[in-house]
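Student: Please construct the entire structure, taking both the sequences and the accompanying hints into account.
Taken in sequence, the protein lines are chains A and B. The working numbering applies: residue 1 is where the first sequence begins, and numbers increase by one. The working numbering applies: residue 1 is where the second sequence begins, and numbers increase by one.
By construction, these hints were calculated from the structure, which means they are not laboratory data. Accuracy of the hints is not assured; some may be wrong.
[Claimed, not checked] Ranges of calculated distance between the beta carbons of each label pair, as one might list FRET restraints:
#  : chain 1 : residue 1 : chain 2 : residue 2 : range
1  : B       : A54       : A       : S28       : 26 to 36 Å
2  : A       : S28       : B       : G3        : 27 to 37 Å
3  : B       : R81       : A       : G41       : 27 to 37 Å
4  : A       : G55       : B       : N52       : 29 to 39 Å
5  : A       : S111      : B       : A2        : 23 to 33 Å
6  : A       : P114      : B       : A54       : 45 to 55 Å
7  : A       : G41       : B       : T76       : 19 to 29 Å
8  : A       : E15       : B       : S62       : 17 to 27 Å
9  : B       : P8        : A       : N67       : 34 to 44 Å
10 : B       : G3        : A       : P114      : 23 to 33 Å
11 : A       : T78       : B       : G16       : 29 to 39 Å
12 : B       : Q41       : A       : N67       : 24 to 34 Å
13 : B       : V12       : A       : K68       : 43 to 53 Å
[Unchecked claim] Result set (EDC-like, lysine to aspartate or glutamate): computed pairs, CA atoms no more than 20 Å apart in a straight line:
#  : chain 1 : residue 1 : chain 2 : residue 2
14 : A       : K68       : A       : E39
15 : A       : K106      : B       : E14
16 : A       : K42       : B       : E14
17 : B       : K57       : A       : E2
18 : A       : K113      : A       : D17
19 : A       : K42       : B       : E44
20 : B       : K96       : A       : D49
All C-beta atoms, glycine included, are put in the ideal place defined by N, C-alpha and C.
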Amino acid sequence: GENVEQHPSTLSVQEGDSAVIKCTYSDSASNYFPWYKQELGKGPQLIIDIRSNVGEKKDQRIAVTLNKTAKHFSLHITETQPEDSAVYFCAASTRGGSQGNLIFGKGTKLSVKP
Amino acid sequence: GAGVSQSPSNKVTEKGKDVELRCDPISGHTALYWYRQSLGQGLEFLIYFQGNSAPDKSGLPSDRFSAERTGGSVSTLTIQRTQQEDSAVYLCASSKGGQYRSGANVLTFGAGSRLTVL
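Tutor: Structure follows, in structure tokens:
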């Protein structure tokens with residue numbers, strides 16, 4: 001089955017710097033890659049996603065890139081702000097995410113220092 | 001409802017007892033998921049319901065775990081004869097489901113039920 005590895009487990013940056021979180025997946029049939037943000041005491045919330053027919057997607061300060069050949073995808077946050085501090089999870093799915101389960105990475109705790 | 005509601009938010013139980021965790025998904029969402037979040041272990045898939053189809057139980061860790069979804073809405077996750085290693089946050093999520101619906105694959109999570117087994 002699918003296995004998703006996520007690095008780093010913790011990341012500390014200064015406000016205004018960029019943050020990058022990387023994930024690799026094992027199943028070449030995976031075609032949907034969302035990123036979720038979990039704030040303390042809350043459930044994870046989708047922030048951005050990408051499908052396998054797209055190499056990059058941007059939404060304001062966040063972007064996701066996908067390298068299908070290498071089977072890895074990354075989350076990029078620019079101009080980080082204290083409110084970006086949270087745990088971020090990557091995930092992969094072989095059925096477009098609409099049917100069946102998502103396999104999540106173990107999460108990255110991002111701390112943005114003011 | 002406006003979001004996914006889970007109860008109880010916190011549950012402390014003694015080893016060997018049975019527990020039930022409840023999830024009220026967003027109205028109209030046909031897909032419902034249960035995940036377990038242990039410290040440092042990310043989100044572990046447990047079970048998935050889609051409409052009237054047979055649930056995908058491939059993530060349930062043992063036969064002590066079971067889940068039902070009544071009337072295509074509310075779901076209950078039951079853990080029998082709880083063990084200390086069952087201590088975790090149990091997250092429920094729902095989505096529109098279906099292969100072609102817009103936003104079908106966006107999971108909306110509840111805040112979770114924190115289970116502590118003494």
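Student: Which of the numbered hints are not met once you compare them with the structure shown?
Tutor: Those not satisfied are hints 8, 11, 14, 15 and 16.
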